[in-house]
Amino acid sequence: MRGRKPLAAFAILGLILAASPSAAQERVFRLNNMVEPESLDPGVVTGVPEHRILSNLFEGLTTTDPKDLSPRPGMAASWSVSKDGLVYTFKLRNARWTDGKPVTAHDFVYAWERVLNPKSGAKYAQQLYYLKNGEDYNKGRITDFSQVGVKALDDRTLQVTLRCSTAYFLDLTSFYTLYPIPRWAIEAHGKDWVKPGKIVTNGPFRLASWVPQKELILEKSLQHWDAARVKLQKVIFMPTEDVNTAYKQFLAGESDWVPQVPPAQIDAARSRPEFYVTPYLGTYYFRFNVTKPPTNDVRVRKALSLAVDRESLTKFVTKAGEIPASTFVPAGMRGYEGVRGLGFDVAAARKLLAEAGYPEGKGFPRLELLYNTNELHRVVTQAVQQMWKDHLGIQVDLVNVEWKVYLSRQSGLDFQLSRAGWIGDYVDPNTFLDMWVTGGGNNQTGWSNKRYDDLIARAACKIVNAKDRMRALQEAEQILVAEEAPIMPLFTYVNKGMLSRRVKGWSPNILDQHPLKYISLER
Amino acid sequence: MLGYILRRLAGFLPVLFVIVSLSFFMMRLAPGGPFDQERALPDQVRANIEARYHLDEPLWRQYLRYLGEVAQGDLGPSFRYPDRSVNELLGLGFPVSLTLGLCALAVALALGGTAGILAGLRRNSVLDYLTMSVALGGVSVPNFVLGPILMLVFALGLHWLPVAGWGTWRHLILPAVTLGTFYAAYVARLTRAGMLEVIGQDFIRTARAKGLREAVVVLRHALPGAILPVITYLGPASAAILTGSVVVETIFSIPGIGRYFVGGALNRDYTMVLGTVVFYSVLLLFFNLIVDILYAYLDPRVQVR
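Here the protein sequences line up with chains A and B, keeping their order. Per numbering that gives the first Met the number 0, the very first residue in the first sequence carries number 0; after that it's consecutive. Per numbering that gives the first Met the number 0, the very first residue in the second sequence carries number 0; after that it's consecutive.
No lab work stands behind these hints, which were simulated from the structure alone. Be aware that a few hints might be false.
As the list claims (entries may be wrong) - Per label pair, the in silico range of CB-to-CB distance:
id	chain 1	residue 1	chain 2	residue 2	range
1	A	S311	B	V133	43 to 51 Å
2	A	P195	B	S124	54 to 62 Å
3	B	M25	A	E273	41 to 49 Å
4	A	G189	B	V133	54 to 62 Å
Claimed, not checked - Partial pick of chain A residues on the chain B-facing surface, computed with a CB cut under 8 Å:
id	residue
5	V43
6	K138
7	K190
8	V193
9	N441
Quick reminder that beta carbons are idealized off the backbone N, C-alpha and C, glycines included.
So that you can see chain B by itself, here it is in the shape it has in the complex (with noise of 0.2 Å):
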């Protein structure tokens, strides 16, 4: 097991570097720089502020530049927040982005699975059509459309909860469930496709047939094997739910690093847009790695080599 995962990991390297080169280049290739504004700069002033972050050097060079920081670890200065670096801005954001991040997955895995479930046992019942229908809206609906719809009716209609920010409890709960939602309905499709792929199968009958309660037949028998696909569905859905809390972030006013994503896209601050998409891929890589472990100890027929 352990040599698998270092296999693994060492295979990201190769990843890594490709999409490091990429983002560099395209990110290059986009019109505009980050100095680029509405009032434009004499030339010596640009010039000044060039020299100073390297960028009046060939491309090459700063590529080699940029890659050796990288490899140190080292993500560079933000050009937008030139008092800050993108480590430091990154650290900052990530423990927020992941608290948000574990909070909508949990209202996406309890609100799913939960609704999975009852509509896999009764299926083709009022109950199997109803959730399924919510489900069908939940994904449906784009977060920048429930977010501030959640807003309007809790916040300014109700007063029970603040319209945005962070800082408090109260302050994670619209935005969790504005994120969790779509996920939610995702994972009660599949919970529901899991369920009755496995509530009709020899070992279940078998289980009933010794008598167990039906709970235990569900939750110990059924379950595990039911949530197969969501499992699989949960490695790229966490990185999802990781890095595509943008939006979310943007409508919540929450500083998480989706925000500085966008805003670094937006200002081509390059060395932003560059430390966040590193962050993110090592993320991806990681959720992935996690997934395939995890399933070699749900799924027996899964072997890990």
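The following block holds chain A by itself, in its conformation from the complex (with noise of 0.2 Å):
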């Protein structure tokens, strides 16, 4: 007969909650992150449905702002740079783990060494290799960990030595393999640490429950310094990955917010009041391959990219919002003006195939243009084909193969053309520019040019001031995408999903990021 009271006492709390129906329910956020996650612990993970769990689960030295992205005091209440651009000191703030434990400028360099540790594999290292003897010590190069830029000169300060002048390091310490850790957890429990009644986090929410492929639900974290501030009580992440399904449930009132859209379905999306569309930092784009004929003539990549009219491409095609792009880095950057790339020129192309040796496409060999299975690839391929048969009087076989075969051909360089897509890291020219040069492991299209890889080497480490670093970053693209052509840029992404009305706090912005702890619920 024990159960009588707790019985007697659910009772009373049921009563209350029938009362007060929509009471609780408001408080509880349900997004779609259209993919189990492939882990929790932020020195493993790669992805964006990661990013959107860990980044309310954990904080960093900086967090970054709802609407420009710019970065924010987090973990660190503030922080001084020296005047060459190397030295960073963070001051932590009075924060604490959910177990109680403060988090002090150790748990930072422990993470870090974690994280550059050979034996870790872990897969964003390069994210430190911005340290001083990150790299080296990632290679095993070094064994010394004390020699890499990074040292707690006391529990609550830190003190980051960089490799070169970053002006977006604030930025990347942001992200979510620059977190702290907390090595007591790991030490206790191997990688089981990440599971719930386990993980201890310093974020504005903490781990309630994750059932994988089910759903992963965050509670708001008391121990938070800004819980004040979070108005969200409960999170439910689900992992719906049919993105049919996902839409529906969205239409069935079972999320709330829902990254994608169906490409069938963007048209009916597109009349509800719940759609958004915003630009993304994202680039879609074509390689070509130019260590094989003929694509390795200049003019005949001028040519072929000259021939696709990218307005006609976005407007009846994508259909999504999507912008007619002919340069690489997307539109919007701070403080970075853009080039001019080649535009939409019927007869510039056919001269320049003219002088190629292919006047009105004749002799023009089959060229085959690679593309991984996804309906949306699929209709663009089809759509320059189509463009480039009309203008240039050529043809062009599209090769649909798998993701894994996709990847393997284009880093073999085993593809004449492929369509490929890029998403910036962090906002800034750089994240889409310094993969071209050459060697990079990016790169995938045989390109070199020298003059390049000296402008990107000097905007990296050499010019300290801000606009001279621009207008280098500005010449690189130039070359890229005017003058030599190894790829073709087509349209710049964006994010297009479904937000319920009843949602504020949300701002859009070029990541789709949506720190929770800015959000909450209207009744």
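Join the two chains, each given in its own frame, into one complex according to the hints.
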């Protein structure tokens, strides 16, 4: 008969809840994360869905402004930067982990060592290559971590020494790879430390439960220094992979936010007030293999690029409001003016093709355009194929392969043309331009240009003045998209999704990042 | 009987060995690897990761290592979900897939069995043509079509049931019906055929001649014989329902094994795919064994030695 009293208590509780049915529900935010997170370990993950969760569970030295994504104080209450831009000294605030322990500078040193340690096999180790000797430590060239540019001067002071002056370093410190980690939890539980009941975090929310492929629930953390600002009590992350199902779940009121819309439903979705579309920090483009004929000829590459009508492509084919682009760095980057790319000019395209020895497309070898299985890629490549046929009289075959086959063919230069996309890591043109240097892991075109390499290297390390640095990057982009054209950009991606109208405090931005601590729900 | 079962179980081992070996090498023949991604990894980082998972060793040594681990029941770590082992993920997913599978099977037997008996008893009647046409439709409609239609009608239209997810009995209905319908159609046709064969036999006439009620004749005398083809089919069907719920699990966002299998294959999560294959194989062998044993009980002509 021990159960009686709790039963009575439950009955009363039930009555109270029944009396105010919406009060509890209104502070529960349900969002569709579209996939099961690979891990909750900030040193392990690399994806966007993981970022949606971790950026609310943990907090780095800085956080991001929900509107323009500029750095704001996080675990660091303040910081100072040396004149040469190399040494950052962070003063930590009086913050606590969910288990009550204070967050110290040592927690950052531990976390960063763990990411750079070759034995961890951390995929995003390069996020810490900005530190002095960070790359050498990760590559095993030095084994003494005290030579790496991060030191805890005392419990509340962290000193970071960079390899080069890095204009966007404070953007990087808000990224999950650089979050602090609770050493004691990892030592106590091993890789199980990320599971509910074991995980210790320092962000505005804490992990309440996590059932893989079913749901992951966060609750407001009362330990957080900024807890007074946090209005949501509970956040449920749903891992629905099927975008059509996710869309239906939203329509049925089972979720408050879904960050994707099925391509076939765009027209229907647009007519609903919950639909939103904003520019994204990403570019959709085609790669040329510059090591094989005929795309080793710059005239051929330019002709192909000039013959594509990007306006029609975005207006009639992709249809979600994508922005036509013939440059690689998306517009709207703080302090970056941008360059002029190759526009739509059929006459110029035909002339270039004739100069290359293929007047009116005669004698032009059949080309293959590689793309991975995806509805959007299929319609985009088909449209471009048609434009080339109409404007240049050449035939391009579309080759559709599965994702991993696509990746391995692309990195092995086993293609002539391939579709690709690139999403920036941080809000600076460098994240779009440094990948094209000679031998860069993401270059994958075989393209190499000495002048380009020099400009990127100078912008990365030698130029301290911000304006001069942007000018160097601009000059580099000019070479990339207008002079040499190893790639042909097509459009700037957009974020498109559905957001319930009861959600407040949600600001559109180019990374589609929405820190939950600013979000509230209207009654 | 016990000896027979033990002999069959021992026979599983070489079969499993062949399956594991074939899958292991076929998986490695697929282009791309678990750590290929759009954003290329620096060479050293890739080398660090491969060293961590022993992917830098020669293939034969990886193979022997894997065999050794599987023999001990350890299916290895998942490459995609580094915090979890394959055993853990299968352990989480299997009860879900099993629940869904059993419900789908119940739907298949209840719908299909009833339809089949009725159609068999009223041969060439309107009822017969009608049920068999519906059954033909059921076989022909793929579940990636049926699932979304049911969602549209019962979740978005009528608001009776949730669109997708897992947790309550209400989440179970649409996926179980979607998955069960295909098999219901099959069961209906098989039951009808079995019924037609049995109903004309002498012992049925005898039963009727004894003055038994029609219900008793059908259920007690005719049915056990009539469902033999269904039983034969049930072994592979149960395995197929349990292992083949991949599409339904994805459409309805159900945390079963099927999603790990597909995700694992697409991501070249070698251990995950192999683990699922091993698990599915054991399940398949096991169901066939059960069917053979059931046969011995239901059909006096079959004897197990």
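Evaluated hints:
1. A/S311 x B/V133: 43 to 51 Å: holds (47 Å)
2. A/P195 x B/S124: 54 to 62 Å: holds (59 Å)
3. B/M25 x A/E273: 41 to 49 Å: This hint holds: roughly 45 Å between Cβ atoms.
4. A/G189 x B/V133: 54 to 62 Å: For B/V133 against A/G189, whose Cβ atoms are near 55 Å apart, the range 54 to 62 Å holds.
5. V43: holds (6 Å)
6. K138: Given a least distance of 5 Å, the restraint on A/K138 holds.
7. K190: Where the cut-off is 8 Å and the nearest Cβ of chain B is about 5 Å from A/K190, the hint holds.
8. V193: Hint holds; A/V193 Cβ to chain B Cβ min 5 Å, cut 8 Å.
9. N441: holds (5 Å)
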